[in-house]
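*Asks:* Chain by chain, the residues:
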Amino acid sequence: MRGRAGRRKAAAWLLVLPSLLLALAVLLYPFWEILRLSVSDVSRFGQVRGFVGLANFARVFADPVFRAALLRTLVWTGAVVGGTVLVSAGVALVLRQDFVGRGLARVLVMLPWSISLSMAAIVWLWAFDGDHGMVNTTLRTLGLLHGNVQWMARPATAFPVEIGAGILVSVPFTTTILLGGLSSIPGEIYEAASIDGATRLQSFRHLTLPLLRGFVNIAIVLNVIYVFNSFPIIWVMTQGGPDNGTHILVTYLYEVAFRLGRPGPAAAVSLVMLAIVFAATLLYVRLQRERA
Amino acid sequence: MRVRAMVAAGLVLLGSAAARAETVRVTAAYYSDKTGPYFEQMAQQFHAQNPGIDIRIEVVNWDNLLQKLQTDIAGGTNADISIIGTRWLLDFVKDGQAEALDGYMDQAFRDRFIGTFLAPGQIGGKTFGLPIAASARALFYNKSLFAKAGIGAPPATWDELRQDAVKLKAQGIAGFGLQGKAIETDVYWYYALWTYGGDVVRDGHAAFESDAGVAALNMYKGLIDAGLTEDGPTNYSREDLQNLFKQGRVAMVITAPFLINQIAAEAPGLEYGIAPVPKQARNATYAVTDSVVLFKNSKVKQAAWKFLDFLFTRGPRVTFNRNEGFLPTTKAAAADPYFTTNARLQTFVDLLPDAHFAPTVTGWEDTAKAVSDAVQAVYVGQMPPAAALKQAAAIANEALGK
Chain A
1 MRGRAGRRKA AAWLLVLPSL LLALAVLLYP FWEILRLSVS DVSRFGQVRG FVGLANFARV
61 FADPVFRAAL LRTLVWTGAV VGGTVLVSAG VALVLRQDFV GRGLARVLVM LPWSISLSMA
121 AIVWLWAFDG DHGMVNTTLR TLGLLHGNVQ WMARPATAFP VEIGAGILVS VPFTTTILLG
181 GLSSIPGEIY EAASIDGATR LQSFRHLTLP LLRGFVNIAI VLNVIYVFNS FPIIWVMTQG
241 GPDNGTHILV TYLYEVAFRL GRPGPAAAVS LVMLAIVFAA TLLYVRLQRE RA
Chain B
293 MRVRAMVAAG LVLLGSAAAR AETVRVTAAY YSDKTGPYFE QMAQQFHAQN PGIDIRIEVV
353 NWDNLLQKLQ TDIAGGTNAD ISIIGTRWLL DFVKDGQAEA LDGYMDQAFR DRFIGTFLAP
413 GQIGGKTFGL PIAASARALF YNKSLFAKAG IGAPPATWDE LRQDAVKLKA QGIAGFGLQG
473 KAIETDVYWY YALWTYGGDV VRDGHAAFES DAGVAALNMY KGLIDAGLTE DGPTNYSRED
533 LQNLFKQGRV AMVITAPFLI NQIAAEAPGL EYGIAPVPKQ ARNATYAVTD SVVLFKNSKV
593 KQAAWKFLDF LFTRGPRVTF NRNEGFLPTT KAAAADPYFT TNARLQTFVD LLPDAHFAPT
653 VTGWEDTAKA VSDAVQAVYV GQMPPAAALK QAAAIANEAL GK
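Read top to bottom, the protein sequences are chains A and B.
292 is the number that the numbering used here gives the last residue of the first sequence; the numbers go up by one with no jumps.
694 is the number that the numbering used here gives the last residue of the second sequence; the numbers go up by one with no jumps.
Chain A on its own, in the form it takes in the complex:
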């Protein structure tokens, strides 16, 4: 009996093996390469010149631009994900209502999803152009502004604009998730609640929110991963400048790797980023489980 079960098990492993190997190769090979580069002295063109231990990491952590970018990445991720979930929740609640033209409105909200991030960033860059941008023109027409604001000339104005653009491009995806969540809640329970005398606010707090929690969680986790690693918006709009004032880790990583030609430290940065995303996801899942 045991021999037979063992053979069956072996056969199962044998059948799974090819795809397992493929998955491992696809996952582990790049990871191994990055690990190797991160502890090596690597030339611009990828030639490994020798083992340097943790020198690349030390060098990266000693760089004030890296530390500033690390902090800014947290602000960026927090602000964009937080803003996105808030805006999307509102949009999803509105789109769930039955109104004339709802189909059209849903399409309009989803449509920006099909635009590449770089294109969206270019459009917003034009919108915030200092001389001819739609934003300045509108503000002037409304009398809110005299003269022009050069939005992209200073980190203090450029970075919030980038966060805004980040929120807008993340809304369609998040709205889709939340809308799916809302449509999975049966309408009867609201009826029951209103018969029991619950106000709309109460039924939102005690019915909608708890039932939506799983979807909000998914939206947050996925968005954190996307936004944390989101390169195009900041790169297209300011390339991390002026004076490194809008770098997040991923744009810093690109600059170190390709502008300054240092694959070793760049590999170190990417490992740090991987660790952060991994830790954040674990922590979040853990927290949610404890609460539930």
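Keep in mind the hints are simulated off the structure, nothing from the lab.
A hint or two may mislead.
[Said to hold, decoys possible] Okay, the calculated bits of chain A under chain B, using three or more residues with CB under 8 Å as the criterion:
#1 43 to 52
#2 152 to 164
#3 234 to 243
[Stated by the list, open to error] Over the 12 Å line for every Cβ pair with chain A, so calculated as not near, a few chain B residues:
#4 313
#5 339
#6 355
#7 364
#8 367
#9 404
#10 415
#11 514
#12 536
#13 560
#14 567
#15 648
#16 661
#17 689
[As the list claims (entries may be wrong)] Which residues of chain B face chain A? A few of them, derived with a C-beta cut under 7 Å, are:
#18 359
#19 383
#20 387
#21 523
#22 524
#23 526
#24 654
#25 657
#26 658
#27 669
For every residue, glycine included, the Cβ atom is placed at its ideal position computed from N, Cα and C.
Fit chain B to the supplied structure of chain A, relying on the hints for placement.
*Replies:* Showing chain B alone in chain A's frame:
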């Protein structure tokens, strides 16, 4: 009879050798929309003369060129020949990617070049890059705007430039176009630094943190604070500034001769002149060459060299320079009537004796980045000039010469 048969057989053999065509792959940098067609045309002409060699051209944007080469080389799929920024050459040579060309060149080939331009491609006494493109920088000024503000001649000094900018401002015109964004933000400040008598790098160390450097940066900052530049310089890349100039929205800008071609194509009505970079202690300009290199791992070096030889003959050179608006790098091209009768281009040529080239030292890119960050910090008012330059010098010194 027998001899004829042998000759015939020999010819057949030769023919079959020729039929086994070699393919030379070329990575070219995108200079303008004429670049691709130019290289395709050259490839065809060359192929007509050398039926045994096929040339395959790939045109890549400057912004992505280095990254593409890095990736290609790391993966072993690089082309046989590539155009590169000469400032990258040292990295290629140190890693053993570029082939020394001296073995292929004879004295006659060497003599084709204007000496000044051949030097930047030489490292440790060997030639690794041939100057395919060269440019210098000068001050473009808008004659109509100058007339409107009652200014007769272009400014010869920075003080005059400031006075002119004040007059222009009174007419509601942005006087001096100041670059504060993207690639070459540092260079735009070097113009002032050099004319103030300063240096970027001296004896392998950062030298820009000097009295001249602080004075030059103070001067730029003073222009910004007095509203004599375009609004928000850190928002404007070199291309943005050139566009402002073409639109007549800024009266002066320092840039390369290729703006001449752009103006002719996009703003033919613009009345403008070209003058040397304003001086303080001395005259100065920035000269840049782009190099073409032959990769060491190429399997068709002889064929590739043949194509290079062809590219540096008179006809292809004149067409290239004329298309792209670059300065001639060979004597034959410089003697062409197109240059000798072109007063605008001559202004640039006359500046060459005072030209500074980017030095071939490791860490130049890091230095450029550190200086760009520093001047940006000053332009937006985040740091005073002396402190910003000091910080940049510390960063640059860490990377220089390593």
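*Asks:* Take the hints in turn and mark each one as holding or not.
*Replies:* Quick rundown of the hints versus the structure:
no.	hint	in the structure
1	43 to 52	holds (count 5)
2	152 to 164	holds (count 4)
3	234 to 243	holds (count 4)
4	313	holds, 29 Å
5	339	holds, 30 Å
6	355	violated, 10 Å
7	364	violated, 9 Å
8	367	violated, 8 Å
9	404	holds, 30 Å
10	415	holds, 15 Å
11	514	holds, 18 Å
12	536	violated, 9 Å
13	560	holds, 23 Å
14	567	holds, 26 Å
15	648	holds, 22 Å
16	661	violated, 7 Å
17	689	holds, 15 Å
18	359	holds, 4 Å
19	383	holds, 5 Å
20	387	holds, 5 Å
21	523	holds, 6 Å
22	524	holds, 3 Å
23	526	holds, 4 Å
24	654	violated, 10 Å
25	657	holds, 6 Å
26	658	holds, 6 Å
27	669	holds, 4 Å
Violated hints, in rising order: 6, 7, 8, 12, 16 and 24; the structure is consistent with all others.
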